[in-house]
Every structure is written in structure tokens, then in C-alpha cells.
Amino acid sequence: MTSYNAVNGSAASQNAYLINNLLKDELGFQGFVMSDWLSHISGVASALAGLDMSMPGDTQIPLFGNSPFKFHLTEAVLNGSVPVDRLNDMATRIVAAWYQFGQDKNFPAVNFHSYVSSEKGLLYPGALPVSPIGKVNWFVDVQADHGSVARQVAQDAITLLKNDDNFLPLSTKSSLRIFGSDARVDPDGPNACGNRACNKGTLGMGWGSGVANYPYFDDPITAIKKRVENVKLYDSDDFPHTLTPSPTDDDIAIVFINSAAGENSLTVEGNHGDRDNDKFSAWHNGDNLVQKAAENYKNVIVVVHTVGPLILEPWIDLPSVKAVLFAHLPGQEAGESLANVLFGDVSPSGHLPYSITKKENDLPDSVTKLVKEIIGQPQDTYSEGLYIDYRWLNKQGIKPRYAFGHGLSYTTFNYTDAHIKIVNALSSALPPARQPKPSVAILSTEIPPASDAYEPAGFSKVWRYIYSWLSKSDADKAYAVGTSSSSKSGSQTYPYPEGYSSVQKPGVPAGGGQGGNPALFDTILELDVTVQNTGSRHKGKASVQAYIQFPTDSGYDTPIIQLRDFAKTKELGTGESETVTLRLRRKDLSVWDTQKQNWVAPGALGANGKSKRYIVWLGEGSDKLFTRCFSDTLVCERGVEPPV
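Heads up, the sequence shown stops at 644 in the UniProt record's numbering, and the numbers go up one at a time, no gaps.
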């Protein structure tokens, strides 16, 4: 799907480099490309650039029923502006996707309406207000075990950032005081806000046109009350003025805070899609709520539901704040997934997919300083290149509060017996040349007769719906232009951009298969490490992370370390071990060379028959690396100083 933005000055929906060159050729994408809703802005240009489908019909739907494709695409094919083989390609890709997903055999019929929950609704929503009413929902329950899967996913993602004195897990005998509206579901219901465009109650997902309705919502306070008798919820984002607990009180405060974001088409509490108003601070004055709780209770746990990193500095070092859990966006199973971790049914095993910095300006400008033009779209030049998140912080020598990959457990793990081996020799810096493009189905490239485009006599149209037919006179006129001798000789042409040609070009070097040149996915290095649960009380899952350090004399500017693979163990009992295998592919050991327009492995065998050294670091996070392995000597060492 093409988005609304422009890339290097060319709208995504008509950007030939992105769609034809990168997606369809280099990455070998076999499906069809559609526009995001109302992002389609041109006809012939977008068709030639590789756009296959206009959604939902654009550009004036649902106002006037107009579109850059509509019958204009039919006209463009008849008059020769769009080659017939391009139309064939559009249709082939769309039908291929239909077969790819098995929609030709026993595929369930549509049984629900995206925007209506009642049994009956508009049969033709775009024709409002003249659409007939009919049955649009059949209420077929297709959930199966989706609830338990959703709970497992949410549970495995919960990340323990801080746990002073092993304060967690909690006992079910605890006396708990719960603060923050994020602890309970929106009182009006989990689906009360259209497109989830509000931040009321537990934050389970962001907002926007792509959201789904919750079939149910299991909130944290309900799950906690199932386990603990002595629980009181203070359903406010302000600390109660009348509450005066004793500092020696054994009550435990659990404070729920959040930070939301979503699609730019909707604004929530001053945030225009992204968090441009609240920035990296907790919403609803959440930082102050944590601070007040820490002033009044000696033991505080903070639970964070968030779309991304937050600045925790206002309260993270307060002695009363014993534990911090990032539950991210847990979806419908927000309650049980969290309670299972809080009370020790499972040990947390999530790891941060981003760094949490001490201040917002520690991050590169593309994150914090998007340039807003007075006229036109905001601009981002991505001047940091590869140096994003932990790569940027490492380069700048900035120590974050919590590093990329950080995540604690209720138990401890030991990592031993690491080995590295070569699976396939890296004999050349460049991957083997791609194979020639395969032949395609032989379809007619002749302009079809004008009569194929005539509007059928007596056909009943639905108001504002889009049809591809032309009137007889318009079809005949377009066909005459397309089949004229001047058109065939090339003197009658559409104003194509410079460099346009309908002749098939050689494939780009980095392509040749789905995802790119198949050789890029050959395993080059394989590493094994044995992980043992060395704790005495709790089961747990460990995540082993592999970071690559490129040869120092590679000739390329590369980050100090880069994550290349990771694996999570099964749940290990106390004393139990598992051997984890990590694999690095040719692409993992390569850099993109803008001159060669290909992936280059700088550590490959040189003219002297020797390869340059890659170092693979193993660890629990980007700042917790405990073993290094060398690609040339195939030796692994423990207890060495990490590079960052």
C-alpha cells in the first residue's frame, strides 16, 4: 500500500523507483500495490509507476464518485497512453493474490460489516443516503483459541525494567492501592470511541482507520481483583487530596500511566497522530501521579502502557519506586497477561525494542525535530543514516536510562559453551549475479476493440460508485487515437517523463527473488550457546541477542554494533538448560553500497585468500554483551570488555 507522503519529491502513489524498482524488481514482490485511502493523485503517471489498484476509488469518494482511474484508465489504455501489458500486469497481480490466499476454494463468504454492528445496514455505503437497507452482519464466531494466543503474546511482551530488591512478584496476600484511569476499561465501553480516537481507560491499541473492535476487554483491575482481596482502585489521574496513608504503611501502590499515538487523520488531546503535544511524557499528568504516590507510599510499582519510549527521569530514581513494568499495547488481554506477571505465574521475558533515553534530545533529529514547512508537507532528510536508536547513542557516547534490548526476569540465566562455525564460505564481496527474469504468461498486448469498453445497455448503476465503462463516442475516439499510425510510430505520445520506456529493463543487481537476491539469505555463520536457568525459585524464558561488529578496515561507515538475530528459549525450570542457535546470513554481514546498488560483504575473502574479521557479540541486551566470537579464527571468548 502506498501512503500519503512523498519520497524525494515524488508522491508515493506514483513513485516509480519505490514501486517498480525497489518493491517489484529488487524485492520481487508478486502481489498487487494499492493506494491508501484518498492518497491516489494521478492517473497515467501512477499506473506507469506501478500502482495496481486505487482505493477506495479516489480522489473524491465519497463526495462525488470521481477517480484518477475510473473510466480514465480505460481511456488511457485505448488511446495508448498506458500499454496493454501494464493493464495485464495489474489484473494478473490482483488475481494472483486471490489464488495465493486460497480464495478460489472453500473460502468463507463475507459475514460482517466493518462499520456497522447491527444485523442490517446500508448495502451500498458509498451511495448514502440513497442506498437500500439489507443484511450485512451474520455474526459468525471465528475466534477459536484467539483469546489465549492474544494473552500469550501480550504476556511475553511485558518488559521488566526495574525490580529493586526483587520486589516483584507480588503475593496474593498483599494490600494493594491502584491509581490511574489506565487501570480499568473505558467506562463507556472499550469500543466507545470511533477508531479508538481517545485515551480513556486502559490503553490497548493506538488509534486510526486500521483499528479493530475489541470482542471483549479484560482490564487490569478486574484481573487483579480476582487474585487479591484487599484491593482499592482510585479511579483518577490525580492523586486524591483526602488520602493520607502512613509512610510506614505496608500497602503497595500500583500506578498505571500511558502514552498513546495513532493515525495523523485524527487528533487526540492535541496530539496530531504522533505525540507532538505530549512528546515523551506520560499523558494525563502521569509523571505527577507517580511522584505523589512515591511521596505517600514506601513501595510503588509503575505499570506503563505505551506506543513507544517515555522519559522516566522525573521519578525513576525515587527510592519508593521499586519496580517498573512496560506492558506496551496489550490488546484485549491487558488484564490476565499483566496479572500473570505481577503475581509470578510467569516470569517477564520481554525486551525493549527501543532505547529509553534520559532526555528527548538524546535521540537524532528525525525523531525529535521534524521540520514543519509553512506551506506543504513536513520534511525529514534522515541525515542520521543508519544511526538510529542504540546505534546513534553508541556513536555519540550517550548512555540511556535503559538500553535497546533491556529486560529483566524473576530468575537468572547463565550463558556458556558458545561456538561459531562457517556454514557457507563468504567467497566474494558481492552475491552471485541474479538469474534472468522468468518468462510471464503470454497475453495479448494489442489494444482491445473499443466495443469492449462500451457501457452495457440497461445496466443499473449505483449512485457514486465507480465504473470503468466509456460512452460509445468516447471509446471510439480513444481507440482511434491509440491505433492511429502516428501513435504506432511514436509521434503521438503522452507527455511521459524523461527516461520512460516500455521496453523491459535488466533486473537490478540486488534482486532476483522474493525479498531480493536469494544468495542474500544464505546462512554464512551459525552460533550455538547453552542457556541455563540458574535461579532457585522461578521458571523463565531467556532471550539471546546477536550483534555484529563489522571489520574495522571495511571501508564503510557502519555502527559499532548492530542486532542481527535473536532467539527466546522455551520456559526453563530451575536448573534446566537449552541450546540456542543463531544464524547470520550474507545480508546480515553486508552493507548497502550506493554506487554499486548492491549488498557488499566487506569481510569476504580478498585477493590474498584471507577474509576480514567479523565479531559477533552475544548478550541479553545491547549494553549487556558477555561473549564475543570471531569469524576468522572461529573462537568464542567470555568475560571480555564489550565495545559499548
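What the hints contain is simulated information worked out from the structure, not anything from laboratory work. Any given hint could turn out to be false.
To be verified - Listed next, the in silico DSBU-like pairs over lysine-lysine satisfying Cα-Cα at most 30 Å (straight line):
(1) K399 with K298
(2) K570 with K358
(3) K539 with K298
(4) K624 with K421
(5) K358 with K610
(6) K359 with K421
(7) K570 with K162
What the hints assert, rightly or not - What follows is a list of derived Cβ distance ranges for each label pair:
(8) R613 with T581: 17 to 25 Å
(9) D145 with G573: 23 to 31 Å
(10) E641 with S439: 50 to 58 Å
(11) S439 with Y556: 33 to 41 Å
(12) K568 with P497: 47 to 55 Å
Every residue gets a Cβ at the ideal spot worked out from N, C-alpha and C, and that includes glycine.
Here is how each hint holds up against the structure:
no. : hint                       : in the structure
1   : K399 with K298             : 29 Å, holds
2   : K570 with K358             : 33 Å, violated
3   : K539 with K298             : 28 Å, holds
4   : K624 with K421             : 23 Å, holds
5   : K358 with K610             : 44 Å, violated
6   : K359 with K421             : 41 Å, violated
7   : K570 with K162             : 23 Å, holds
8   : R613 with T581: 17 to 25 Å : 22 Å, holds
9   : D145 with G573: 23 to 31 Å : 25 Å, holds
10  : E641 with S439: 50 to 58 Å : 56 Å, holds
11  : S439 with Y556: 33 to 41 Å : 37 Å, holds
12  : K568 with P497: 47 to 55 Å : 48 Å, holds
Taken one by one, the earlier hints fail for this structure at numbers 2, 5, 6, listed in ascending order.
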